[in-house]
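Residues per chain, in single letters:
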Amino acid sequence: MIAEAGLAALWLAGALAALQLAMAVIGIARGRDDVAAAVRPVAIVQGVLAALAMALLIRLFLNSDMSVKLVVENSHSAKPWLYKFAGAWGNHEGSMLLWVTILGLAGGAVAIFERSLPERTLVATLGAQATIALGFYAFLLFSSNPFARLTPAAPDGLGLNPLLQDPGLAFHPPTLYTGYVGLSVAFSFAVGALVTRDVGPGFAKAMRPWVLIAWIFLTLGITAGSYWAYYELGWGGWWFWDPVENASLMPWLAATALLHSVTVLATRDGLRAWTIMLAVVAFSMSMIGTFLVRSGILTSVHAFAVDPERGAFILALLAIYIGGALALFAARIGTVRAGTTFDPVSREGGLVANNLLLSVILGIVLIGTLYPIVAASFGVQLSVGPPFFNKAAGPIALALVAVMAVGPLLRWRRDEAKAVVGRVALPIAATVVAAVALLFVWPGVLPWAGLSLAAGLAVASVAPLWKRNLRRTPMFTYGMVLAHLGIAVSLAGMASDSAFTRETLVAVRAGEAARVGPYSVTLDGISPVIGENWSALEAQLTATRGDDSTRLHPQLRFFANPPTSTNESAILTALDGQLYTVLGQPDAQGRWQLRLWWKPFVTLIWFGGVLIALGGALSLVGRLRRERRSAVRAAWA
Amino acid sequence: MKAKHQRLTLALLALGAVVVAGLLALSALKDQASFFYAPSDVKRDGLPLGRAVRLGGMVADGSVKRAADGVTVHFTVTDGAATTPVVFAGIVPNLFREKSGVVAEGQFQPDGRFVASNLLAKHDEKYMPPEMAGKMHETKTLAPDRGS
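Same order as they appear, the protein sequences are chains R and Z. Once you know that position 375 of the first sequence is 375 in the numbering used here, the rest is easy, because the numbers rise by one and skip nothing. Every number in the numbering used here is 1000 more than the matching position in the second sequence, counting from 1.
Check the hints yourself; a few may be wrong.
[To be verified] EDC-like cross-link-like pairs, simulated, lysine to aspartate or glutamate; straight-line CA separation at most 20 Å: (1) Z:K1043 x Z:D1111; (2) R:K391 x Z:D1031; (3) R:K69 x R:E309; (4) R:K205 x R:E114; (5) R:K391 x Z:E1105; (6) Z:K1030 x R:D242; (7) R:K391 x R:E245; (8) Z:K1065 x Z:E1098; (9) R:K418 x R:D343; (10) Z:K1030 x Z:E1105; (11) Z:K1065 x R:D587; (12) R:K69 x R:E4.
[What the hints assert, rightly or not] Here are some of the chain Z residues that sit facing chain R, going by a computed Cβ distance under 8 Å: (13) Q1006; (14) A1021; (15) L1024; (16) F1035; (17) R1054; (18) R1066; (19) D1069; (20) V1071; (21) G1090.
[Unchecked claim] Beyond 12 Å from chain Z on every Cβ pair, some chain R residues (computed): (22) D198; (23) A224; (24) E309; (25) D547; (26) D587; (27) R595.
It should be emphasised that the hints constitute simulated quantities derived from the structure, not laboratory data. Ideal placement from N, C-alpha and C gives every residue a C-beta, glycine not left out.
Isolated chain Z, as found in the complex (with noise of 0.2 Å):
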């Protein structure tokens, strides 16, 4: 093989690695990516059922309730426009508290609730997630908590 034509070869190679980089990561991104939503988006289009989803809001005032084994919890997130009630068994963030922002990693149930594997509260006082950010700027009802 002369040496153009191998460079030809691996240049080829290369390339169609990076096009089947490239489909195989866009396909799995199809199934994968977990999108954003705020109580009033589930309100207007329907539950998005059978995916992992972000829901982001503030923690309702009074509504962080603890089931007796110790270690559920319940509270509702509100984005000043509609509520979803979320269920969490884990230890909640240092930052999360009542009237500040949260946004909560899980999946919609049937009926409504959502069941929370993970959540995120701001990282700092100074700190607000920008999905968050850009969703409070949406209903302008709440002003961003920005702590001191």
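Same shape as in the complex, but just chain R (with noise of 0.2 Å):
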């Protein structure tokens, strides 16, 4: 009965989003304010739903229900509960559902939260939200129903991808899906301003909050998976650039051009129609993201079902989506009237900058992602890897990042370029210290600046807060500060890594040693053990550097449903960097494959990706206070 509960709160949301999307439209061009205000209710009780189907969904795979199609594709029973749990989205159809669910979740805490906006505005981004949600329900319901059933039911499952058995999976769908889901709620805000042509301060502000936890979440979903890939698939790497790991930098880079053009857009009233244009463009990278990942396209992990219908109905609704939006924008824009002006050098100046800056990365992103896609059409197999990447996005991304240092350090609308000069003297002189430094340790070129700029822009980023009084200082101008800080420390993690890892590939019997970077690595032995649902040989590693000696255990790892292996990486983190250890394969000799890497300040890469997203999550406090304030204030005059 489960499964048909799930399915009817199914349709009855996706029949709540078509009545929300039709008294939105009344309520709107019939100028009914009865009907509109009853959009809010069912937009909340739309997200209810959605919920409840997810939360039973979550309950069959609890339960191990072998009756139904999709835990017996996708479970056994056999399986720890946190991956029961988790594994509800472990697959194609799960994953839909949880996107619907947030997207309702989204859409009603719209309906509840958001106060500033005014009513018309917000009843036609509650009526845009449920025009997205209503093509998702299509979807699921038509094409990846999760709840169908099996007859006769099997008696068992087939398992989950035993890379997927992580708890990772608990924490980074959900972020990822988090954000991308946020960014459809940027996306109904701007159709609504469309819409009702309230294109201004007032929408901006409005929106931020809503581009702000879009950003975190999407921040903390790609730091997540970083990290999970750099652990789970053993190769030492961190950042593929893989498709899919791109569709989730694409909306990344878009949100944060996005956050920096609505800042403008509220603080300056500058940038109205290119700010509207971002909040689709963003939208867009979701969609196409959700697109590349879920229509199996891709070879991926992530490419659940490889099935041509599900992908021809994620590009429809794309079109039509996007066309629909960018037509309302050809057919609007017209009647936004322009915004203040302001001069190039400028705070709003540096921000188009970064703003500029950020879209050519997204660009070459995007034609590297969908290129082998459009040559296979053409009937030519190639793929675009890390060296393209690397080549066309590393230099503009540095160039960004000096942007990043000089911007905040720039007044609103006018500065003299003289005392610009005697801001960012600090920086500089950090910048080229460290690069004078660096020459004696030569990294490469692309470290070498990227490692000398991590510091000029550590210097700057905290450079804002020089001579204020730090108790009067805005917690949003910390959050900027905190979150400029994280992209050095991010950066400097990267350059370090891709400059001065170190890699020892060795053949060793029990008791032999291998040396990498400052360590010793000793091969004790090899020894079987069993966990849950797999049994694995564990390798007894005692790494020694100077007299500290720790013990590592990287398991290779047998899982019966379905019968896969795979190699479980031992990492020992040090404050100066990580030792990576993984464990091959025996040979006829009795020698065991040991590979080891010793890297540098790896761990600032994920450490600076919590700090940016912390940084967002101060502002996003500091901003949601200050409007409290100013209504309290509002109200009492």
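Combine the two chains into a complex, taking the hints into account.
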């Protein structure tokens, strides 16, 4: 009965989305305020129903209900509890249901919490949100029903891909989806504002927290996904420029640009049309990401199902939403009054440069990601990998870092070039000192530039606090400082990893040792281990550095359902880097392959990512507090 | 500067930036895209020397040999019509086995060998890289190995 209840909840939610759209249209077009007033409650109930459907699907997975097709194909009764739970979205149908659930909940949250927008614009926004939801409900109900039954019921399931059997599965997809779907809210706000011709600072202030939330979650999702790939895939890399990774990076780039342009619109009433355009682009990137990942067009661990019909469905949705939004944009943009102007040397100027460079990087990543797909349709098979992305996007990313260092030190509207030079003297000095010092350990061109600029950016990012009363500095300024510092930290980690990593590949017998970086690693022995749904051969390694020695246990793990094996790496984290160990295959002479990496300061990459997200959270709290305070003040006046 | 002019300037700047990005990307793509080859492509068109490419096919039965150092592997990739010898130093993926599909990333040597820097095997038993499924259909002598 649970499956039927879930399906019913899904149908009801879909019907409510249709109702929500119809009521929003009537409310606005006919000016019927009574109808418009009901849009909020309907949006809330729709979100609750979608969440109910998701909860029921999780329930089916936890119960290992083998009469449900999805559970049979993707689960197994002997799987640990956490992977039954998270396994609910470790497959195509379940992950699309999660997508819709978050979309519904986001719409509900907008309906409950958004009080600063004019009512008409809000109703139009919820109408746009319902349109998006409607497409995805149709997708689920007509081509990806997660609740389909299997008759007769199977004795047990086929199991979950072991690469996905990791705590990361519980965290990474929901975070990333919250980010993707959060951008749908920004998109709906933009559509709503276009419909009611209400593009201005008030709209930007209302939209900003939602963009920030989406951006924070995208940042966390990407950071978590990168670390997961790093320790799970056993290749010692943290970013592969895999199309699926690009699918999450592209919305992040667009959201980062949007975050900065929406600030110009909110503070200075500039960049109106551009901000609207970016909101459309950002959500397009989410949709393209969903299409790339869910259509099975790509070679990836994320491609659960290869079904051309599904790909075509998502592509059609993409075309309808983006095409519709662009048509609306073209029709209405003439009525959007031009915003205020500004000097090229000003904070706005810096933010425009930021937006342009981010757009260029976005364009490069997009071309590199789509090129193989386009080429394939002409019968040419090729792949585009790290050499392309590093060469094409790397230099522009470094230019962006330079802009990021200078931008926050500029005044709004107009600034004196001479005064600016004085303010950036210290960061430039830091860059030069680092650049000269690094000449002695020459790490290669890009890492050299990266490390030097990271030093300059670190100094520049805290410079906005210089000579300020730290108590009276608004919280969102701290947020910006922290986020920019996070970029510097992350960049330093990336550059250090690509420049100073040491790798050793050996075949050793028990008792023999290998050296990598500052460590000597000895293989003490190999022993079998039994886990909840796997067995493994586990190496006992002793890693010695000076007088310290630590035990490490990389595994060669075998899963029965489905029959697969994985290399479980073992990582030793020190203050100045990580020792990464992987156990390979044995050979006929009783030797075992060991692959060892010493990665100096590699942890800074993810630590920086967390700082960036924290910075976003600080800004969010700061903005919300300030708005509540000014609302209270307005009420008293 | 009037607001209208500023908007125009910004729009032109944005357009310029996108065009530059496109040109940069396309020129870099020319050098950096790595093409996919099957052994019979190489036999027909000659060796693509001096660039990173991908070689795909089946690992020939009985061809996997490990060198004395314990970390170098020699094997032959076949697509049913031709074969290419491959050398790889590293830990082979868990799903790498004889009579199963593989995609090797690396470079051809003038003597016809392929030196792989990375091997991609099927991600799981259900899955086969689309490039490979395509190549398999072309030769029509080997059925795609669908596993369990």
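Against the structure, the hints:
In summary, the hint linking K1043 of chain Z to D1111 of chain Z is supported, as the alpha carbons are separated by about 13 Å, within the 20 Å threshold. Of the pairs offered as hints, the one joining K391 of chain R and D1031 of chain Z holds, with about 10 Å between alpha carbons and a cut-off of 20 Å not exceeded. Only pairs whose Cα atoms come within 20 Å are accepted, and K69 of chain R paired with E309 of chain R is accepted, the gap being roughly 19 Å. Straight-line distance between C-alpha atoms of K205 of chain R and E114 of chain R comes to about 11 Å, which keeps the hinted pair within the 20 Å bound.
Proximity of K391 of chain R to E1105 of chain Z is assessed by CA-CA distance (about 19 Å); at most 20 Å being required, the pair is judged to hold. As the CA atoms of K1030 of chain Z and D242 of chain R are separated by approximately 19 Å, the hinted pair is consistent with the 20 Å bound. Simply put, K391 of chain R and E245 of chain R have alpha-carbon atoms about 18 Å apart, close enough for the 20 Å limit, and the pair holds. The hinted pair formed by K1065 of chain Z and E1098 of chain Z meets the criterion: a straight-line CA distance of about 11 Å does not exceed 20 Å.
Taking the CA atoms of K418 of chain R and D343 of chain R, the gap is about 15 Å. The hint holds against a cut of 20 Å. Simply put, K1030 of chain Z and E1105 of chain Z have alpha-carbon atoms about 18 Å apart, close enough for the 20 Å limit, and the pair holds. In summary, the hint linking K1065 of chain Z to D587 of chain R is supported, as the alpha carbons are separated by about 10 Å, within the 20 Å threshold. Only pairs whose Cα atoms come within 20 Å are accepted, and K69 of chain R paired with E4 of chain R is accepted, the gap being roughly 13 Å.
Below 8 Å, beta-carbon pairs count as interface contacts, and Q1006 of chain Z has one with chain R at about 5 Å; its hint therefore holds. Annotation: A1021 of chain Z was flagged as interfacial toward chain R, and the flag holds, the nearest CB pair being 4 Å apart, inside 8 Å. At about 6 Å, the closest approach between the beta carbon of L1024 of chain Z and any beta carbon in chain R falls short of 8 Å, and the interface hint on this residue holds. Hint status for F1035 of chain Z: holds, given a least beta-carbon distance of 5 Å to chain R, under 8 Å.
Interface restraint check for R1054 of chain Z: the shortest CB-CB distance to chain R comes to about 6 Å, inside 8 Å, so the restraint holds. Of the supplied interface hints, the one on R1066 of chain Z holds, with its beta-carbon coming within about 6 Å of a beta-carbon of chain R, less than 8 Å. Below 8 Å, beta-carbon pairs count as interface contacts, and D1069 of chain Z has one with chain R at about 7 Å; its hint therefore holds. This hint holds: V1071 of chain Z has a C-beta 5 Å from the nearest C-beta of chain R, less than the 8 Å allowed.
About 6 Å separates the beta-carbon of G1090 of chain Z from the nearest beta-carbon of chain R, less than 8 Å, and the hint is met. Every C-beta of chain Z lies more than 12 Å from that of D198 of chain R, the closest at about 19 Å, which supports listing it as non-interface. Distance check for A224 of chain R against chain Z: the nearest CB is about 20 Å away, which clears 12 Å, and the non-interface claim stands. The beta carbon of E309 of chain R sits about 16 Å from the closest Cβ of chain Z, which is more than 12 Å, so the claim that it is off the interface holds.
Taking the minimum C-beta to C-beta distance to chain Z, about 30 Å, the non-interface status of D547 of chain R holds against the 12 Å cut. The beta carbon of D587 of chain R sits about 5 Å from the closest Cβ of chain Z, which is not more than 12 Å, so the claim that it is off the interface is violated. Non-interface call for R595 of chain R relative to chain Z: violated, since the shortest CB-CB distance, roughly 5 Å, does not exceed 12 Å.
This entry does not satisfy hints 26, 27, going by the numbered hints stated previously.
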